[in-house]
Amino acid sequence: MSTGYNFAYLDEQTKRMLRRALLKAVAIPGYQVPFGSREMPLPYGWGTGGIQVTAAVIGADDILKVIDQGADDTTNAVSIRRFFARTAGVATTEKTREATVIQTRHRIPETPLSEGQIMVYQVPIPEPLRWLEPRETETRKMHALADYGAMHVKLYEDIARYGHIATTYDYPVLVNDRYLMRPSPIPKFDNPKMDNSPALQLFGAGREKRIYAVPPYTSVKSLDFEDHPFEIQRWDQACALCGATESFLDEVVTDDAGGRMYVCSDSDYCGERRDEVEQ
Amino acid sequence: MSQAPLLRVSNLTHMYGNRVGCRDVSFELWPGEVIGIVGESGSGKSTLLSCLSTRQQPSAGLVEYDTADQGLTDVYALSEPRRRMLMRTDWGIVHQNPRDGLRMGVSAGANVGERLMAVGARHYGRIREQAGQWLDKVEIDPTRMDDQPATFSGGMLQRLQIARNLVTHPRLVFMDEPTGGLDVSVQARLLDLLRRLVTDLGLSAIVVTHDLAVARLLAHRLMVMRQGEVVEHGLTDQVLDDPHHPYTQLLVSSVLQP
Amino acid sequence: MYVAVKGGEKAIDNAHALLAEERRGAEEVPELSLAQITQQLALAVERVMTEGSVHDRELAALALKQAQGDAVEAIFLLRAYRTTLPRFGASQPIDTGAMTIRRRISSAFKDLPGGQVLGPTYDYTHRLLDFALAAEGAARPEVKAAETGLEPSPRVTDVLRHQGLIEESGPGADIPGDLTRQPLNFPAGRDLRLQNLARADEGFVLALAYSSQRGYGNTHPFAGEIRMGEVAVELVPEELGFAIDIGTITVTECQMINQFKGSKTVPPQFTRGYGLTFGQCERKAMAMALVDRSLRAEELGETVTAPAQDQEFVLYHSDNVEASGFVQHLKLPHYVDFQSELEMIRRLRRENAEAVP
Chain A
1 MSTGYNFAYL
11 DEQTKRMLRR
21 ALLKAVAIPG
31 YQVPFGSREM
41 PLPYGWGTGG
51 IQVTAAVIGA
61 DDILKVIDQG
71 ADDTTNAVSI
81 RRFFARTAGV
91 ATTEKTREAT
101 VIQTRHRIPE
111 TPLSEGQIMV
121 YQVPIPEPLR
131 WLEPRETETR
141 KMHALADYGA
151 MHVKLYEDIA
161 RYGHIATTYD
171 YPVLVNDRYL
181 MRPSPIPKFD
191 NPKMDNSPAL
201 QLFGAGREKR
211 IYAVPPYTSV
221 KSLDFEDHPF
231 EIQRWDQACA
241 LCGATESFLD
251 EVVTDDAGGR
261 MYVCSDSDYC
271 GERRDEVEQ
Chain B
1 MSQAPLLRVS
11 NLTHMYGNRV
21 GCRDVSFELW
31 PGEVIGIVGE
41 SGSGKSTLLS
51 CLSTRQQPSA
61 GLVEYDTADQ
71 GLTDVYALSE
81 PRRRMLMRTD
91 WGIVHQNPRD
101 GLRMGVSAGA
111 NVGERLMAVG
121 ARHYGRIREQ
131 AGQWLDKVEI
141 DPTRMDDQPA
151 TFSGGMLQRL
161 QIARNLVTHP
171 RLVFMDEPTG
181 GLDVSVQARL
191 LDLLRRLVTD
201 LGLSAIVVTH
211 DLAVARLLAH
221 RLMVMRQGEV
231 VEHGLTDQVL
241 DDPHHPYTQL
251 LVSSVLQP
Chain C
1 MYVAVKGGEK
11 AIDNAHALLA
21 EERRGAEEVP
31 ELSLAQITQQ
41 LALAVERVMT
51 EGSVHDRELA
61 ALALKQAQGD
71 AVEAIFLLRA
81 YRTTLPRFGA
91 SQPIDTGAMT
101 IRRRISSAFK
111 DLPGGQVLGP
121 TYDYTHRLLD
131 FALAAEGAAR
141 PEVKAAETGL
151 EPSPRVTDVL
161 RHQGLIEESG
171 PGADIPGDLT
181 RQPLNFPAGR
191 DLRLQNLARA
201 DEGFVLALAY
211 SSQRGYGNTH
221 PFAGEIRMGE
231 VAVELVPEEL
241 GFAIDIGTIT
251 VTECQMINQF
261 KGSKTVPPQF
271 TRGYGLTFGQ
281 CERKAMAMAL
291 VDRSLRAEEL
301 GETVTAPAQD
311 QEFVLYHSDN
321 VEASGFVQHL
331 KLPHYVDFQS
341 ELEMIRRLRR
351 ENAEAVP
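Heads up: the protein sequence lines correspond to chains A, B and C, in order. Position one of the first sequence corresponds to residue 1 (full-length UniProt numbering), numbered consecutively onward. Position one of the second sequence corresponds to residue 1 (full-length UniProt numbering), numbered consecutively onward. Position one of the third sequence corresponds to residue 1 (full-length UniProt numbering), numbered consecutively onward.
Check each hint, because a few of them may be wrong.
[As the list claims (entries may be wrong)] In silico SDA-like pairs for lysine to any residue, Cα to Cα no more than 25 angstroms straight-line:
no., chain 1, residue 1, chain 2, residue 2
1, A, K154, B, T143
2, A, K154, C, D337
3, A, K193, A, P229
4, C, K65, A, P41
If you are wondering where the hints come from, they were derived from the structure by calculation, not from laboratory data.
Work the whole structure out from these sequences, hints included.
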């Protein structure tokens, strides 16, 4: 563990500020709380929001897992895990079951989360209405008035054009029947995992200086129409490594003649299943 | 007819610095009634319309609307959520330039369906069905429902804007030069359509126009404005056939009689 | 059998080693010292200090060395370091009227108390590559001592103010905001706008200022005054209760004077645009002053039509550390999102093909 910096890098005053924002976020599920985001030694857009949230909630006896694209060994996940191993000296793990804090970019683990676990999502753009309305002053008003009709216009257009809703990731959700929220760029495949989850889910957007949260056992509904209900991606194939049929699959190009195979995006889940088979 | 007016306007004044927008305007609009506001450009008609439809806070005076739960209520005292709700349920606004009132980036069907979705409609099939019916009512071929408004002619755009406003069955529609910018044959067709819709739906409307022919066809009553003030007010035929104020006389004599 | 790509840890270590090697370059060339950078690349150091929001020449030089001369990367390094610094308090406002002037020009008045002082500037150099500089140890021309800095030099805006021709600069916030501690809210006060602009990317501010001159929100500016020199920084420690001098810094200040036709409540008068930087970042100070004035459009009752007048547009996109990070985050894997899009495209194509008889 490197010295010269406070535990988990941030000073205690800053952590207190973050925790106040987190408490407010938990109290108003799905509401984006502005916070005094600090400049971190990692670039904006690379998880500075998630890192600040993790730094604010992590304790010396926590066990940290960091994933990017579902995997523990992608470079950015490695870099963030190292950052906390270095500045907080906490234990790290690749096992979803063992972790008390899981920082993620773009995925929710396949292994169901349990009570007491904290999911920390890295968020690039927190505002679900941003592509409809570029102005923050206007979108805040739309949230205040729960004025979300325009969001359905977008989904309507998808169906009129393609026959179904064409949004595949960062699929908007309504939290606790009140606030419209971006789940961060997770595939819509993962959206149902957020609903009524026993884990605490925290979202940090460093560059945009917003924190939001979904407390345990809170309703998270993916927007849809009554006659075009929300549905998730399905694959015709099973994972080539573990045979899973219920997980999110990455397509791997194996040669330049069109050869490809499908493997689990969640490396821990896939490995665990293979270990079981071997035993 | 109900006992209360739909809209009551008392001593409405709006100043732009030292310049008068409109001054001391008072009138009542009754359910099912269409009032025309006529006058030359710069006479204050558009300012008055903006103040009535809560798009421009007036300097003084009162605008009261007959809300469902509280009866006549000062519209500027309403909270913003209630005012927004009013704007998308009870009221409609037809802009002179249809592009100001439409979402040009989404299909015709979505334009009509937006108000339904904004008030909570969540059944795609039914939203579409209603959008189709409304396109039909405004004489747009429902097969063009998924086309972008940019592919529509000026007259079609204006009819699309009208459908978008009427889909939630508003009680009161504000129209700002609804036939402006259209050529004569297109105007005639639109006027005919508007007259039919207003009658069929029992709409109340306030129509701003500089075109006395439009006023004669649509309005039951007329207000003639000059330099921000109402100089004459009465039944349409009366005002146009027997104008009392010299300005109205001038205005009437300057256009060909029908 | 296929094995998923592994080895992120090792790849990162190797990348760092390669970077260190590239940074050092050929062994036979002597290594740069921080003193060389602070002395001979002073303008680069001053830009890094200004946009990095830390006045420390040594640290800025170190950041530049570590970043191989990449200004934006160096600014990022300095900012990340700055986050960890404790805060003792805010200094007293610096008094640029009492500056020890090294450069001072006004394009509004030909002559004025204190006079015009050209100082060290590229303004009237011919931009001809000087091959003599390529040879080390070239002789330096002798500097003729000028009689400057003796007479007091009141700020040009103060001269106009005494005649009531320019707006009062208005009461400042008692405690100026700090957008590195608090999130920005809109509409943002001028203190926060100026802080944002001082930290903003020079290129971005320059381009915005330029756009305002080319008709995207014209502000009819005059360079009322540009002054550069040394000012004292004073702090009131709580335990003392009076101000003590904690050092001297070099700053460049630009006061733009802009035409204003007056409004309902205000008679016609000149208005101000303000720019201030550490060191000699004159281009930045001038651009900042133009954009500051443009951003005051709303408060002065002007119609907001151009990007330079639009608070949200300017303030949300001015920071190069934020912008650089977010643009470059596209390098990070997006396998999962891309997979989802791929699946959707295939599905749409399939449905499309099926629909065609």
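Restraint check for A:K154 with C:D337, where alpha carbons must lie at most 25 angstroms apart: holds (19 angstroms)
Satisfaction of hint between A:P229 and A:K193, Cα-Cα up to 25 angstroms: Answer holds: A:K193 to A:P229 is near 17 angstroms, not above 25 angstroms.
Satisfaction of hint between B:T143 and A:K154, Cα-Cα up to 25 angstroms: Roughly 20 angstroms between the alpha carbons, so the hint for A:K154 and B:T143 holds.
Satisfaction of hint between A:P41 and C:K65, Cα-Cα up to 25 angstroms: holds (17 angstroms)
Going through the hint list in order, the structure satisfies each hint without exception.
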